[in-house]
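Residue numbers (this note's numbering), protein chains in the order written: chain F, 1 to 267; chain W, 268 to 502.
Calculated from the structure, these hints are not laboratory results.
All figures in this text were calculated on a predicted structure; none of them were measured in a lab.
Treat the hints loosely; a few may be bogus.
[Stated by the list, open to error] Computed cross-link-like contacts, DSBU-like style, restricted to lysine-lysine with a CA-CA straight-line distance of at most 35 Å:
1) 87(F) with 56(F)
2) 56(F) with 221(F)
3) 56(F) with 444(W)
4) 444(W) with 160(F)
5) 56(F) with 468(W)
6) 468(W) with 444(W)
7) 221(F) with 143(F)
8) 143(F) with 160(F)
9) 87(F) with 102(F)
10) 102(F) with 160(F)
11) 56(F) with 102(F)
12) 313(W) with 87(F)
[Said to hold, decoys possible] Cβ-Cβ distance ranges computed for the label pairs, FRET-style:
13) 370(W) with 35(F): 21 to 29 Å
14) 107(F) with 307(W): 45 to 53 Å
15) 251(F) with 318(W): 53 to 61 Å
16) 92(F) with 321(W): 23 to 31 Å
17) 322(W) with 149(F): 30 to 38 Å
18) 88(F) with 429(W): 44 to 52 Å
19) 57(F) with 391(W): 28 to 36 Å
The beta-carbon is built from N, C-alpha and C at its ideal position, and this holds for glycine as well.
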Amino acid sequence: MKTTKGADRIERVLGGFPVERAPATLLPAVLRRVGLADAYWRLDSPVGPVYIAHSKAGISMVTRARSADDFERSFERRFGRSVSAEKSLPPARVNALVRDLKGEGRRALRYDLRGLSEFEQAVLRKALEIPSGEVRPYSWIAKEIGHPGAVRAAGTALAKNPVPLLIPCHRVVRSDGHIGRYSLGGARNKRRLLEVEGAQPHVLERLAASGVRYLGNPEQKYFCYPTCGGVEKLVRSNTVRFHSEREAVTAGYHPCGDCRPPVARAG
Amino acid sequence: MMSGCAPDAGQVPRPGGALGFRLVLGQPEQYRGRLDRTMAADEGLKRRLADDLDGSFEELVRTYQDRLYSFALRLTARREDAEEAAQDAFVRAYRALGSYPPERIRSLALRAWLYQITLNVVRNRLRGKRLRLVSLDHALSPRGETAWEAPDSEAARPDSRYEESRRRADMATLVAKLPDRYRAPILLRYVEGLSLEEVAKVLGQPVGTAKSNVHRGVNALREALVASRREGVRR
Chain F
1 MKTTKGADRI ERVLGGFPVE RAPATLLPAV LRRVGLADAY WRLDSPVGPV YIAHSKAGIS
61 MVTRARSADD FERSFERRFG RSVSAEKSLP PARVNALVRD LKGEGRRALR YDLRGLSEFE
121 QAVLRKALEI PSGEVRPYSW IAKEIGHPGA VRAAGTALAK NPVPLLIPCH RVVRSDGHIG
181 RYSLGGARNK RRLLEVEGAQ PHVLERLAAS GVRYLGNPEQ KYFCYPTCGG VEKLVRSNTV
241 RFHSEREAVT AGYHPCGDCR PPVARAG
Chain W
268 MMSGCAPDAG QVPRPGGALG FRLVLGQPEQ YRGRLDRTMA ADEGLKRRLA DDLDGSFEEL
328 VRTYQDRLYS FALRLTARRE DAEEAAQDAF VRAYRALGSY PPERIRSLAL RAWLYQITLN
388 VVRNRLRGKR LRLVSLDHAL SPRGETAWEA PDSEAARPDS RYEESRRRAD MATLVAKLPD
448 RYRAPILLRY VEGLSLEEVA KVLGQPVGTA KSNVHRGVNA LREALVASRR EGVRR
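Full structure from sequences and hints, please.
Rendered as structure tokens:
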């Protein structure tokens, strides 16, 4: 069949049909249906309302925002993918953890830490091991994950924590007693969270300011971080105070097996 | 789901002038240029899909959503139907990709495959019912404005832009009236700009058959165009 002039014109007109823009609802709907979408809840927490996003891989973001729009924009900026409001209610465990910081279900939750380096993920997973009501110094995290020299890098990794509150980076403080910085609204909120958890940050700060780093148990001759096993220990009269691990070791104390304070290796 | 398929007063063919502008891609050479570019982009996309489906699937949707939606819209003529069909097509594509070994994803004729899924979805949704005769450009302009709805503007804009959009609207109505066996080939070849080989893949036909369906479709359109002009003169 020869292409005639008429056919040529027909083809040209057809080729000029515009491409229609797909509705903005199409992509989120598809991602939701295949289980790839991030969706979010807005929940109240001890530091005010927070937005909590999750994907197929787990909880992907916890943050404060002025509005849902602000949150959606900041999520998209950070991860380059879209997020939409979740219609169903959050699991009871998430609710309890965020609202009251209660429950020890943090480690049972799945977290979407894609995009973070192996080191950063190791730092965050280590922070998950710190029990409620206790704190550890940045140097403890660095040592525990096998990079004792990377204290500053551990701090940077914690500052990048995409899921604060749930991965409790607020339980990591400076060894000189300063509470340290906090991404979810600054040091004041960090102190508030520690108070809610019963870690008594003012007591810890006073203790650290006086140079005390460890507490010892004179009967069983072991020494711990001050909050190990809860702060009640601090008020017991028979605890021994140490300013360094060297002092504790010299006095014949061995490191606690639970909180694993550092010991300079002999030789 | 299928409620959109019952003809009703609101669905009377309403040729609309699509006011959105786009390069006119009628020449075969231009088709080829566009084809090469998307094919090169598809190679990278297929590699990423094969390596990390969950990580790159959103890119696939972003890349193809406008085109598959447009295609579905021109087949179903209703926005809701088109959106659902495009959604279904992407969900099916995701599930299929998840079941394919990586080599198969890498060697996929991605574009033709996606149009094929979309066409199948639309056909399944409309199975047992005739596709309604509706304009392709039915209510398609961004502001809901159409050439025929705004007769005043005819005098105000007697320019080629207006003529062009009007021609397109007329053509859209004619394509919508084509029998099914010609409509899909015509849309794929000239509106979507697929190669004959791709059209054949989408339709599941030998290239020769697809080619003759495209030609017959064009002939049918030309005859319809002549007939509609004659009618216009008589009026």
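Okay, the hints, checked on the actual structure:
A hinted pair counts as satisfied when its Cα atoms are at most 35 Å apart, and residue 87(F) with residue 56(F) qualifies at roughly 16 Å. For the hint pairing residue 56(F) with residue 221(F), the CA-to-CA distance comes to about 48 Å; that exceeds 35 Å, so the pair is violated. This hinted pair does not check out: residue 56(F) and residue 444(W) have alpha carbons roughly 44 Å apart, beyond 35 Å. Taken as a hint, the residue 444(W) and residue 160(F) pair is broken in the structure, with Cα atoms around 58 Å apart against an allowance of 35 Å.
Taking the CA atoms of residue 56(F) and residue 468(W), the gap is near 34 Å; set against the 35 Å cutoff, the hint holds. For the given pair, residue 468(W) sits about 24 Å from residue 444(W) by alpha-carbon distance, which is consistent with the 35 Å threshold. Only pairs whose Cα atoms come within 35 Å are accepted, and residue 221(F) paired with residue 143(F) is accepted, the gap being roughly 23 Å. At roughly 19 Å between alpha-carbon atoms, residue 143(F) and residue 160(F) fall within 35 Å of each other, so this suggested pair holds.
In summary, the hint linking residue 87(F) to residue 102(F) is supported, as the alpha carbons are separated by about 24 Å, within the 35 Å threshold. Distance hint between residue 102(F) and residue 160(F) is fulfilled; the C-alpha atoms sit about 23 Å from each other, no more than 35 Å. Proximity of residue 56(F) to residue 102(F) is assessed by CA-CA distance (about 25 Å); at most 35 Å being required, the pair is judged to hold. Restraint check for residue 313(W) and residue 87(F): the C-alpha separation of about 33 Å stays at or below 35 Å, so the hint holds.
Between residue 370(W) and residue 35(F) the beta carbon distance is about 25 Å. The supplied range of 21 to 29 Å therefore holds. Separation of residue 107(F) from residue 307(W) is about 46 Å and conforms to the stated range, judged on CB atoms against 45 to 53 Å. Against the hinted window of 53 to 61 Å, the Cβ-Cβ separation of residue 251(F) and residue 318(W) comes to about 57 Å, which satisfies the hint. For the pair residue 92(F) and residue 321(W), the beta carbons lie near 27 Å from each other, so the given range of 23 to 31 Å is met.
Between residue 322(W) and residue 149(F) the beta carbon distance is about 33 Å. The supplied range of 30 to 38 Å therefore holds. In this structure the supplied range 44 to 52 Å holds for residue 88(F) paired with residue 429(W), their Cβ-Cβ distance being about 50 Å. Roughly 32 Å separates the CB atoms of residue 57(F) and residue 391(W), a value that falls within the hinted 28 to 36 Å.
Violated hints, listed in ascending order, are 2, 3 and 4; each of the other numbered hints is respected by the structure.
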